[in-house]
Amino acid sequence: HRLLLLDYDGTLVAFADAPRKAKPDEKLLILLDKLTSDKRNQVVIISGRKKETLESWFDLSRLILVAEHGAWIKKTPDDWQTIEPLSNQWKEQIRPLMEHYVDWTPGSFLEEKDFSLVWHYRKADPNLADVRTKELENALLDLIANLSLGVLRGNKIIEIKNVSINKGRIASLLLKDYPADFILAVGDDYTDEDIFSVLPENAHTIKVGINSTHARYSIQSPEDVRQFLLELTEVTDEKIR
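Here the sequence shown is numbered in our numbering, starting from 3 and rising by one per residue.
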């Protein structure tokens, strides 16, 4: 059996200037259909995105979806579950600060998920965004000092979420639920490092891009990831072990 743990944004698709523009194209859906139709493969998309977005994009019965960096998981159709009881009461305290930074930073916007808040600044002036990100990060760290929350710096985003939720934790649970003799994990940013660091030594871990990493291998771009996965669908069972 093979367990394939795949990040989405920056890994299967290039980053887009608005979240909704990163919708999977037909080639990607065909590739995922090929991978999931092989009964030896258990394919998991582990994303920071909202569960509603992932569900609207992917309608493959054997594809496991993980949303909000591991807060939500869907193993079977229409059955989203949280991995632990989570609170989002903290949002009322944090949201006003993040909304101020939206007002102060033209081109930025606030995205609300079930268990996190995300400030996007991809379309903001780069020099202003550079100043604002440092200010916001420091202000958030002060505000959450006594809360079980963490500040996550991603690709042109600052996200605040429950500190107990990360991709490594969900990867550990998946390893127990889906024992496999071939494990592949592919991701592009430091939220994926949590996955790379919890997998066994014989796992095939791949970092997209050139940043330092716990992964064993690196690959250039989402296009290269897709090509690699396509070749994986054509490899025989004997060769892959």
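Since the hints were derived computationally from the structure, they do not count as laboratory data. Even for Gly, the Cβ is constructed at its ideal location relative to N, Cα and C. Don't take every hint at face value.
Quick list of the computed label-pair ranges, beta carbon to beta carbon [what the hints assert, rightly or not]:
1) Glu139 <-> Asp35: 36 to 44 angstroms
2) Arg97 <-> Asp40: 27 to 35 angstroms
3) Ser89 <-> Ser220: 22 to 30 angstroms
4) Asp105 <-> His3: 44 to 52 angstroms
5) Asp144 <-> Asp40: 45 to 53 angstroms
6) Leu143 <-> Glu203: 30 to 38 angstroms
7) Ile85 <-> Ala182: 15 to 23 angstroms
8) Gly211 <-> Asp19: 13 to 21 angstroms
9) Glu28 <-> Asn148: 42 to 50 angstroms
10) Gly211 <-> Asn129: 19 to 27 angstroms
Taking lysine-lysine and the DSSO-like style, the derived pairs with C-alpha atoms no more than 27 angstroms apart in a straight line are [said to hold, decoys possible]:
11) Lys77 <-> Lys53
12) Lys77 <-> Lys29
13) Lys53 <-> Lys25
14) Lys23 <-> Lys36
15) Lys52 <-> Lys77
16) Lys53 <-> Lys36
17) Lys36 <-> Lys93
18) Lys29 <-> Lys52
Checked hints:
Taken as a hint, the range 36 to 44 angstroms holds for the pair Glu139 and Asp35, whose Cβ atoms sit roughly 40 angstroms apart. Taking the beta carbon of each, Arg97 and Asp40 are about 44 angstroms apart, not inside 27 to 35 angstroms as hinted. Between Ser89 and Ser220 the CB atoms are about 38 angstroms apart, so this pair departs from the stated range of 22 to 30 angstroms. At about 51 angstroms, the beta-carbon gap between Asp105 and His3 stays in the expected band of 44 to 52 angstroms.
At about 50 angstroms, the beta-carbon gap between Asp144 and Asp40 stays in the expected band of 45 to 53 angstroms. At roughly 34 angstroms, the beta carbons of Leu143 and Glu203 sit within the given window of 30 to 38 angstroms. A hinted range of 15 to 23 angstroms for the beta carbons of Ile85 and Ala182 is consistent with their spacing of about 20 angstroms. Taking the beta carbon of each, Gly211 and Asp19 are about 18 angstroms apart, inside 13 to 21 angstroms as hinted.
Evaluation of the 42 to 50 angstroms hint for Glu28 and Asn148 yields a pass: the beta carbon distance comes to about 48 angstroms. Taking 19 to 27 angstroms as the suggested C-beta distance range, the pair Gly211 and Asn129 conforms, at roughly 24 angstroms. For the proposed pair Lys77 and Lys53, the alpha carbon gap of about 12 angstroms is at most 27 angstroms, so the pair holds. Note on Lys77 and Lys29: the hinted pairing holds, with a Cα-Cα distance of about 23 angstroms set against a maximum of 27 angstroms.
A threshold of 27 angstroms between alpha carbons decides the hint, and for Lys53 with Lys25 the separation of about 14 angstroms falls inside it, so the pair holds. Proposed proximity of Lys23 and Lys36 is supported: the alpha carbons are some 24 angstroms apart, at most 27 angstroms. For the suggested pair Lys52 and Lys77, the alpha carbons sit about 16 angstroms apart, so the restraint of at most 27 angstroms is met. Only pairs whose Cα atoms come within 27 angstroms are accepted, and Lys53 paired with Lys36 is accepted, the gap being roughly 23 angstroms.
With a C-alpha separation of about 40 angstroms, the suggested pairing of Lys36 with Lys93 is violated against the 27 angstroms cut-off. With a C-alpha separation of about 22 angstroms, the suggested pair Lys29 and Lys52 falls inside the 27 angstroms cut-off, and the hint holds.
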